[in-house]
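*Asks:* Here's the letter readout for the chains.
Protein chains: 4
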Amino acid sequence: MLGSGFIARFYADTLHDQRRKDRIHLVYSRDENNAKRFAKDYGLNGFTTDMEEAINHPDTEVVLISLPNHLHEAAVLACAKAKVPVLCTKPLGRNAQEAKRMLDAVEEAGIFAGYLEDLCYTPKFLKSMKSIQGGSLGKILWTKSREAHPGPHSDWFWDKEKSGGGAIIDLGCHCVEIGRNFIGKQVKPLEVMCWADTQVHPIDAEDHAVGLVRYASGAIGQFEVSWTFRGGMDLRDEVMGTEGTIWLNSFLRTGFEMFTTGKGDGYIAEKAESNSGWLFPVGDEANELGYPHMFTDMFDAMETGREPLETFYDGYVVNAILDAAFLSASTKRWEPVALEIWRGEEEAIQAANFQEYDATHWLIKKEILPNGDIKLILKNKKSGELSQLVN
Amino acid sequence: MLGSGFIARFYADTLHDQRRKDRIHLVYSRDENNAKRFAKDYGLNGFTTDMEEAINHPDTEVVLISLPNHLHEAAVLACAKAKVPVLCTKPLGRNAQEAKRMLDAVEEAGIFAGYLEDLCYTPKFLKSMKSIQGGSLGKILWTKSREAHPGPHSDWFWDKEKSGGGAIIDLGCHCVEIGRNFIGKQVKPLEVMCWADTQVHPIDAEDHAVGLVRYASGAIGQFEVSWTFRGGMDLRDEVMGTEGTIWLNSFLRTGFEMFTTGKGDGYIAEKAESNSGWLFPVGDEANELGYPHMFTDMFDAMETGREPLETFYDGYVVNAILDAAFLSASTKRWEPVALEIWRGEEEAIQAANFQEYDATHWLIKKEILPNGDIKLILKNKKSGELSQLVN
Amino acid sequence: MLGSGFIARFYADTLHDQRRKDRIHLVYSRDENNAKRFAKDYGLNGFTTDMEEAINHPDTEVVLISLPNHLHEAAVLACAKAKVPVLCTKPLGRNAQEAKRMLDAVEEAGIFAGYLEDLCYTPKFLKSMKSIQGGSLGKILWTKSREAHPGPHSDWFWDKEKSGGGAIIDLGCHCVEIGRNFIGKQVKPLEVMCWADTQVHPIDAEDHAVGLVRYASGAIGQFEVSWTFRGGMDLRDEVMGTEGTIWLNSFLRTGFEMFTTGKGDGYIAEKAESNSGWLFPVGDEANELGYPHMFTDMFDAMETGREPLETFYDGYVVNAILDAAFLSASTKRWEPVALEIWRGEEEAIQAANFQEYDATHWLIKKEILPNGDIKLILKNKKSGELSQLVN
Amino acid sequence: MLGSGFIARFYADTLHDQRRKDRIHLVYSRDENNAKRFAKDYGLNGFTTDMEEAINHPDTEVVLISLPNHLHEAAVLACAKAKVPVLCTKPLGRNAQEAKRMLDAVEEAGIFAGYLEDLCYTPKFLKSMKSIQGGSLGKILWTKSREAHPGPHSDWFWDKEKSGGGAIIDLGCHCVEIGRNFIGKQVKPLEVMCWADTQVHPIDAEDHAVGLVRYASGAIGQFEVSWTFRGGMDLRDEVMGTEGTIWLNSFLRTGFEMFTTGKGDGYIAEKAESNSGWLFPVGDEANELGYPHMFTDMFDAMETGREPLETFYDGYVVNAILDAAFLSASTKRWEPVALEIWRGEEEAIQAANFQEYDATHWLIKKEILPNGDIKLILKNKKSGELSQLVN
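Protein chains in written order, with the numbering used here: chain Z, 14 to 404; chain X, 14 to 404; chain Y, 14 to 404; chain E, 14 to 404.
Keep in mind that a hint or two might mislead.
One copy or two, either will do: identical chains are not told apart, so a pair holds if it fits within one copy or between any two.
[Said to hold, decoys possible] Straight-line C-alpha distance at most 25 angstroms; calculated DSS-like pairs for lysine-lysine: (1) Lys395 / Lys201; (2) Lys96 / Lys113; (3) Lys345 / Lys201; (4) Lys388 / Lys53; (5) Lys173 / Lys378.
Treat the hints as calculated values from the structure; they're not laboratory data.
Could you put the whole structure together from the sequences, leaning on the hints where they help?
*Replies:* Written out as structure tokens, the structure reads:
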């Protein structure tokens, strides 16, 4: 385990819970006290402040990177050099260039590499993906992924140099990859339009942004990210398809409802802002956030020699999309996604797929009116003239 | 009453319900059969196919325009000429030019004119406005208004020439005005970025669009409109402020929850798509959509000589914003809102309003950690250096 | 208007709102200051402390009784004597004897009499009744009506002598009548089992109770009432039928969701307990509680000479059921409902209505298993032997 | 693993998932084909139709009983005889006598014995228990646990002889134990009142019941169980305390919301009744139902020599309460809970715990009125007279 902060603890809590068989044996931290405390809290064999030592330790079968963003690359390159399998937390890089170098390094080294994008592993997400892949929603037209809370836990997040950006890099990486999954990873992201602003905090990075990613299929993957949200942690996704709709709440309203006058006490939930009145404690936070299913996929993939659901290549594509978002936020126009490597389908030609009413008309719409009448809106295929029929 | 279609019936149902004292006496429709049927259904004194006759009828105290968009201007000009008070359904014009001419006409004639923007009159909306105006949400940062359903009822909606556009003009007019109310009507809308596409239907107009309106305060008013939604009518708004959050569902989940195997039958709700399984019938549709409170405000305003909450000027501003949205959808960049008349505040200068930790530091964030620790993220005012403190 | 308290104000707010044509002209209160203040607040023609005077005033077309429970009978008898139409708030009497005398009085006088049971008039309730009457739920098996809050507003409610009881009489009257409507008013209530206790308050009356009313059709009407609930006002109903289910929330989660740090201020909702954190303000309280639709039905019924949906006879039946509930709470066994007058169907004979699988078997259940298998549970009609089939 | 049916598969899916280290090695079933298929599906070492062989197999460290109710006792007694730790599915016995014999057997044998009451292990339940034990709800006054669906999967459930009863024994065992946990296991259950009926199916056992369990603290544990529910599987709990409220949905609305026209296909959720329209698929059914946390507690307890959260003694108490429920359903009065063994606190004396206003008055209630007034309801301690104060 490289790193001993908030996310490292979430990972460790997950791995050492529920009688799972995988164990962390060693922790590396730049700070000796943190390393020592972490090793003690999780009953590890040891700790170190020397990253190389941790990676090259004979008991290390796989390295988990839970470091600040600006330290990912060096850690991944060290793993590649040592030929040790590696799992890296999100985002992969601070930008696509960094991510590309990491991707190249692990592929050249021929090591297993997994991208720890937990929100693409929540039980709800996995099940909704099955419905979408089974066709329940028809062709996907639009997705929205929203992640908003009152801001991250550690100082480095707020430092653009170390993090690579603000809410876009911290939260947008989740949202973009959620959208890619819903729309289909084989579909090419073409261009991005993004608004970003620093509305509340005394920082250089953006604390609020909204972006649209246009894909080759015509679908839009919308993201909404903010460090200015009040009321807890808001993680919601929506999908619209030609045959259906999905609404998914991944955190704030997934637990139980509790009213309390405020007697009693204690931790309610990640980023909760109150401990009286109506509260919405989340039952099993790690599970709602996808950690258990993520590690299961990663280790199962390693053991069976298959790719995990989320790879370094995915991390690279996400960074490329976010790069375009940052650019668009400053140029104020749509910016193309620059992908040096594209492993999906080439740009689709969008075939017209209209519903016929009869030989000369398209059916635009059919509706049952309050009085029971059935109303049809038609379009003459040749003249383009619109008409309506009531039966 | 000018017009006898779907919306005219909704208006009439509202006015003649709940022992209200205002009565429709005469209906005008281009189609005699429709006029006759409408007059009979609502027990009116008469009907006509001559609009001038209806407007100039001695019993006419106020004219309600429920006509297709391309007929609004002529009707409003006729009312102005006849000096008869007028209420016009949304959108006011097909574009700002049209709306401006209508605004000028009623102001020159000195007649009462109300803009029938029902969704700014729903009971929930009115109450949430009170909370926002009372300061419960602090400074407004972002609003989202979403209106999506499977498409409108009548052929003219689908004809760009008659309607002025697709989902943007039909639904976006609601969303934009909802955002203006939340952000404050005195705050100037500066520029718009908009994506629009025709994803599903064989039409020229857009059937899906997402746009961002940037205001002088730095706030963003986001709109999401679609005629491609499956599952009913989705009307939801969100507001983020520095001190709070509001989530508002105006239709689809406002009634009761019913599971039925499909026995029994009948109308469930506007734009419902199914009559078995889990259904969500809305209790009192007119009330949830704001019609009763809208007419109450309009007639009370007329009687007491004050302005209604929604005026022709509001309708004009909305059209100007939508014009910029249409332009942005084709130029693919942010486009300025062109307002010949601006009656609100001039552009605000956004004052920094940061929270101090001590004389040399800003406080970026304060959080209670799971273990009870209190963590502070600080920024040195001069050096810009970030640091964290754990107590 | 007889009475000037909390409920009188709710009634007056409703009647004088939304451009309704009916007007209160005179208020009676035992307390002159209250009468004066009420008359002023609602712009009435006058006030009085003489009830007879109010009833017999030449402008009085109908009397609204909003008095404490122990004063209902005298007021109704005075109206009967004066032959003035009367509307009486719930409960009708403190017990069935009182209610019976009121019922007899108005029927002998031949005057119009309406029972102001508002919760049987909420828009959701009215629409759910239409679904049930249309057969969407099949045969009704069980209903639950729950009303719970932290206790009533005025001292007399807490005084058993004046009120006739605690939460059972105050809230149970709503719940019982809701159940009767769902099950069908023509179906005879047979017996009641009830638990009641004084769990929290220093009073003689019960502050918490749960009861079951068994009807001739075999259906159960369950009521849950409490003055010990924390978190606002909880009004929820459920209905189970052979073909479906209804869940209905009439208050606490019907508005919008708001998080606020507590800046700003003001009234949130009837019986809300907090003004920061997550709050659920109700949009239009009078509407959610059924007042507008109730008065519309009452006055329309008066004008057209039909019965209102809720009559004094209904009030009497409710009192008879509550009498049995009080008795059961002390005898700790099921107690029969003593109805001197029964105007519905005689006791139904419950016909077996089983589903046949084939000539020799009943079908108990059919289910699709996770693996796609269809499983049938059968019962031999003669031997009673159970078996299962998997296809 | 003894048994190879629906619940055995749920257990096996849980144990062999998420990289857990515990493994099933052998399955016993009365039917050889089922045993063989189960062993193959889960990659077991072997199968047998000889229960003794399975229990006494040298590799067997613990026995999991997933058999029909009438076979629990024999299996437990065989484990006791063989001195092999045993985990038994719910309910423990068909009645308290049977449960008592099982309890005695394992205690005399000195073996570890766990009661597989999964719904007391859902993540939400465990977290809500922490809040309750931490005092957030004050003193518990009332709990409601509801379990309703369209009926169980296998023929033996419907056969009273084999199952011990209908919905009461099948579902009531969950609800009663949920209530005991919320109220406190140390608090003695005193008496039960229960209604039960066979409303829909051609069976001897009840398919619908509602019961109230009264505890020594004055708290009520209400249960609602049904095999007649339409719309899926309804698992909801509620808790009322002097300081707060908890509402907990354990299944039907815990996943995501999906509308689909019905294209695509496949299993939606346990006991879902439809595959088009609005659906509510549950993300991770085993997790929502508590299986993973239950087995973690059981095996951790075994390893560390502590008691699991749910013991055979708990199963015995539940059976004793259900026995009283069955009796009450026929005698139509409250029936005492007959507990030969009671290991909790003796009957509590309920101390009056009223809030004082001043030396001579109790405070009954304090409320902020819509107009901002604060209203107090008081009771004179000596005279009992009620009064109100408005500030």
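*Asks:* Going through the earlier hints one by one, which of them does the structure break, listed in rising order?
*Replies:* Failing hint: just 1.
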